Structures are given as structure tokens and as C-alpha cells.
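Following the hints, position chains H and W against chain D.
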Amino acid sequence: MLANYGYKDGSGEYFITVDTEKCNGCGDCVEACPAKVLEVIEDQYDPIEGDMIASVTDAHRKKIKYSCGPGKPVSNRPPLPCMAACAQDAITHSW
Amino acid sequence: MITAGVDCGAKNTKVVLLKDGEIVAKSIVLSGFDQRAAAEQSFAAALEMAGMSKSDVSNITATGAGMKEAQYAQDTVTEVGADAKGANFLFPSAKTIIDVGAEEGRAIKSDGKGKVIDFAVNEKCAAGAGSFTEAMARALEIRLEEMGPLSLKSQKAVPMNAQCAVFAESEVVTLIHAKTAKEDIARAVHDAIADRISSMVRRVGIEKDVALIGGVARNVGFVKSLEDNLEISFSIPEEPEYVSALGAAIVAAEHAKNK
Amino acid sequence: MAEEYWRWKEYNWHSPDIDWKQAESVTAGVDVGSVSSQAVIMTDGQLFAYSNMRTGSDSPDSARNAMNWAMEETGMTLEDVQYVVGTGYGRVNVPFAKRPITEIACHARGANWMYGPGVRTVLDMGGQDCKAIHCDERGKVTNFLMNDKCAAGTGRGMEVFADLLSVSIEEVGDMSFDVEEEPEPVSSTCVVFAKSEATSLLREGWPKSKVLAAYCSAMAHRVFTLLERIGVEKDFAITGGIAKNSGVVKRLEQEIGFEALKPKHDTQIAGALGGALFAKALLEKERKK
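Chains as they are written, first to last, in my numbering: chain D, 1 to 95; chain H, 1 to 259; chain W, 1 to 289.
Keep in mind that the hints are not guaranteed to be accurate.
Unchecked claim - Label pairs and their in silico Cβ distance ranges:
no., chain 1, residue 1, chain 2, residue 2, range
1, D, K22, H, V158, 37 to 43 Å
2, H, K259, W, F177, 53 to 59 Å
3, H, N161, D, P34, 48 to 54 Å
4, H, K257, W, F177, 57 to 63 Å
5, W, E24, D, K22, 52 to 58 Å
Claimed, not checked - Calculated lysine-lysine pairs in the DSS-like style (CA-CA distance at most 27 Å, straight line):
no., chain 1, residue 1, chain 2, residue 2
6, W, K250, W, K208
7, H, K208, D, K72
8, H, K156, D, K36
Stated by the list, open to error - Rough simulated footprint, nothing fancy, chain H against chain D, three-plus residues with beta-carbon under 8 Å:
no., stretch
9, 46-56
10, 76-85
None of these hints come from the bench; they were simulated from the model.
Bear in mind the structure is a predicted one, so any value in this text is a computation, not a measurement.
Where a beta carbon is used, it is the ideal one built from N, C-alpha and C, also for glycine.
Just chain D, same shape as in the assembly:
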């Protein structure tokens, strides 16, 4: 499953996508994120299987543009901590 967390508003499209086929629930991204945007929880979208997967916390889903902002400087963009930490390449950002 591709889980798209985030939103689109007048200013743009801000989504963090977790590919749950690739995610193994290791939690490296959770540790890496300075803004504590991610957590590893039971898959809310497949309650029957209920695998442990990385997802964006409820508190951040409506403001990831701002939560992730300091990690996306306008110049000399470094790779994002969550994406860099994920050995499975399961995380992408839309902006």
C-alpha cells in the first residue's frame, strides 16, 4: 500500500508517502527525524493483518509543510533525514 500522509492546500502539495510493501517497521526513520514526525504503529489501513509500519503521527499530518520545513532549507538541500535513514527506500516526499 502507498500511504500518502499530508495535504494539498492553496500553497502547494505536501505529502510524505510510505510504501508499506517496502517498509519493514524497523523504526530507523523515527529515530532520524528531528521533528518527531514519524512513528511505527500497527497498520491502520489493514486492521485484519495489522503489520507494524512507519506512519506520520496524527499531530503532524495537517502541518507537515511546517514540521518538515527546517529540514528543507531553500538552498544546499541535504537529503532528508527520514529518507536517508530508510534502507528499504520506503519513504518519499512530494515537495
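Using the frame of chain D, we list chains H and W on its own:
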């Protein structure tokens, strides 16, 4: 030499007349639904204040979202460019400029000589600009000018969950029904918008001194929230809404010299 | 802001042909949304009863009321229901639910039952959010996004316009087609800015119908761009309150290039229905243990 800067903002249209590096007149007119008319009126008012006629002005530069509507202007400059020039004129030591207007927020990193190095913009969403506070003032049934002083009285931080101005309005109504003090709601509103502006400022990086300009800088409650959030204090001009127009007038003077 | 107003009729229904006392499993799903709440009861995986009501100020009460109303005149009481799943915005506030399940999973599952296994894309346009979901032939979510941050593209955004123009929300759809020529869509996405844009259009002398047409097509376009992020595959179904607004739905279908499936049941019960189906699966899983 006399030049003019016109800032066609979403809410107000401002004009600054500059004579040999000194401000000789300023005017502000509500942009309303006819920005072209507002641009004419604002310019006429500034000329009248200075006792001048249009022919005395050697060059006119326009800026702001509706800059094309100032048809009498010879050229235009981006809002970011005008901000950097204007802020540098007032605060030569400023390296970071934060401009919060009615419909847009901007963070600019400047070289300290009025040149832009980097910038970030929040636009097309009311949540990150003055419109947000305005909508919340309506929900609180108080005047916009009261929001700032009211929120300074707050002793308690109340979280605001809604990000969108439309949803935040309902949240404010719910808070009122739950008997939350109006000053705490006002502070929650300012903390919320300060949170968004500070994230944008962090994207360009903070280098002192930091100037805060734009009409929203008049809101003492917002200023307090943003200062607390970024843990720094700002240089704020007495009339922060004119800085872009001033910057445009400076650009007009530079262009006139080069002609 | 106008007071909340109820847009669609509240009602309940139950099947006269089913004797629930003979059923091996009796499960329910309760969907407490921001505007409306639904309860669906299934017996052995068949639709037995449902209700659709407005959500009150208190989520647990709304959940109880919806459930009681669905059971009305059936002789069933809450004790007879073996497993209840709560879903929707107030899903954690359904006191008699065994567990909450996100509405995205429930909508996919509900749409799969309602429209059949051919459904691949489900668009749910609710009161305060907009969800786009891809699901497989079993109704399992394969791709989704949910926009509940921004009012644009939600029922709430439409209400702001209905208020501004003093038009009842039910009339919006028809009225928006009462134009000689389709106008350009309203250019601002943000509802706050779109509202000022509409105000100036009214000042220019635009009739209400033309302003509504411009807003409905802006809303259709916005929802379309959200859908594009996950892609639109056939069969395509629209659920939620805005599915009843032809002004948005027809314009959206035009943009997509094909039509949405015509609903067999009230689309508003899709979430609760999915909840009842999950309840059945979870009950069976429990019994196997």
C-alpha cells in the same frame, strides 16, 4: 531627484515618495475590489501631501501582488526585492527580513546591502498570513486592532489544532463555548500563525539582525508569539506596512540614475 | 457563519425479509462523521438495517442514537450485536465499539461490497475532508490520501459559498447549471481567498448561478488534482455527502473523462457498512482462536 514606490498589496495600496534619499510623503488606500483605482488614489494622495504634481516625479516603480494595476509606473520590482531594499534603508544591519502581509508571508536572507541571497514565500493559503488573524478576530467578534493587546494579557497557552482558517473559525467558536478566555484564544491564534512563519524563516536560516516588516508587524500579540518562537527580538519600523513601497521607491531612484 | 443546518433527510431502514434471530453473526459499524452519523447492522454478511442521522455536539450520544435508530422496530438490542466497529472522525468515541478502524479502510471495504469487486477507485467527499482511495478486488486499501487539513474541496468549503450566496446547499447543484456559458473557475484554492474573489464577482454583477458554476468547477478541479496523485482507475465510485451535489460530480466526471458508478444504496452509509464488514471478519478471527 524625486521617485515613487507603489506597493499594490492584497489589502492596502501604499505609495512612498522619495526625494534625494529622504521620504517626503506616504499614503495608504484600501485596495478594495478595484486595485487600479486604489493605485491612482493612493498616488494622488501622496502627491498632494508633498505638494507636488506627477511631472515632478522622475521615476515610478511598482511592486506587490497587483503591481500591474499601477499603470503609471515605469517599471516593477518583485516584492522580495522591494522588501530587501526597504529594510536595508531603515536597518542597514539587517540580514534576515520577515515580511508578513495580509495574504502572504515572506522570509528573506539579504547580504546586508539590500541584495537578496535567498527567500521563502508562503502564499495562496490564508493560514500563513494576516488574513488568518483577521478571520479569527471576526469569529471572536472583536476588532482586528484589539487582537494584539488582548493576547498579551494571556497567561495560558491553549493549543489550536485546525490549520485551515475556515476550520480554525469553528475551533474558535468551540473554544468560546467552552468558556476559554478570549485573551487565551487570541494568543493561540498568534502562536499558530507564528509557528508557520517561523518554519519558513528557519528554511532560509536566521542571521542577525532580523527585521520584521509588513502590516502584520503592527500586531503586538503576533510579534510576541514570533519572538518567543524564534527566541530572538526584531527590528520593527514605526510604520512597517510602508517598507515595500519604500523599497520600490529606492529601486526607482537607482533605475533613474542608471538611465 | 450560519448555524449548522441539516442537509439531507434523516432516516432508518431495515430488511423485512431477514430474521436476525436465526443469524450466526450479528455485527455493526458506526460511522461518526463531522456532520452526519450512520449505523449499519449486518447479519451473516447481509445488510440488515441502517440509519443516517445528523451528528450532535456529543460523539458518544450521536453513536448511541444512530445505533438505536437502526435497531428501531427490529426487536434487537445492543446485547444482540456481537461485534461493533467504530469509524469516522469520532471513531474513538463510540462507547460500545470493540475497536476503532480508520474510515479509509472502512470506505474501501464498504464500497467493495456496495459496488462490487470491480471498484478500484473510491472518492469520498465528506463534510470536513476529502479522501481518495485505491483498493483491490477484496476491498483492501492499496493507495490512499486524505485531505482534512484544508477546507477547499470539502463540504465545508461548499457551505461557506452557500452561506455567502444565501442558497440552500441542496439547490447548489441545479442552480450551478443555470448558466448560458460555463465561466472560468474561481482561481483561488483557499476558501478564504475564493470567498473574496466571489464577492468581487458579485459586485461586478455576476448572477449567483454563475458564481456557483465557477466555484463548483473550481472544486471539481481541486478534487481532480487530488485524485490524480493516486490515479483514477475504473471502476470509480463517489461516496459521501458531496456525491449528492451534481454541480461538482458532473464537472468532475467531465474532467476525468468517464462517469462514476451510480450508487445502489445511500452512499453515506459506505463507511459504517465497511465497519460492519470488518466487525464480521474480526469476530470470525476471534472465534477461530
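Evaluation of the provided hints:
no. : hint                            : result
1   : K22(D) <-> V158(H): 37 to 43 Å  : holds, 40 Å
2   : K259(H) <-> F177(W): 53 to 59 Å : holds, 55 Å
3   : N161(H) <-> P34(D): 48 to 54 Å  : violated, 22 Å
4   : K257(H) <-> F177(W): 57 to 63 Å : holds, 58 Å
5   : E24(W) <-> K22(D): 52 to 58 Å   : violated, 39 Å
6   : K250(W) <-> K208(W)             : holds, 19 Å
7   : K208(H) <-> K72(D)              : holds, 21 Å
8   : K156(H) <-> K36(D)              : holds, 25 Å
9   : 46-56                           : violated (count 0)
10  : 76-85                           : violated (count 0)
Checked against the numbered hints above, the structure violates hints 3, 5, 9, 10; every other hint is satisfied.
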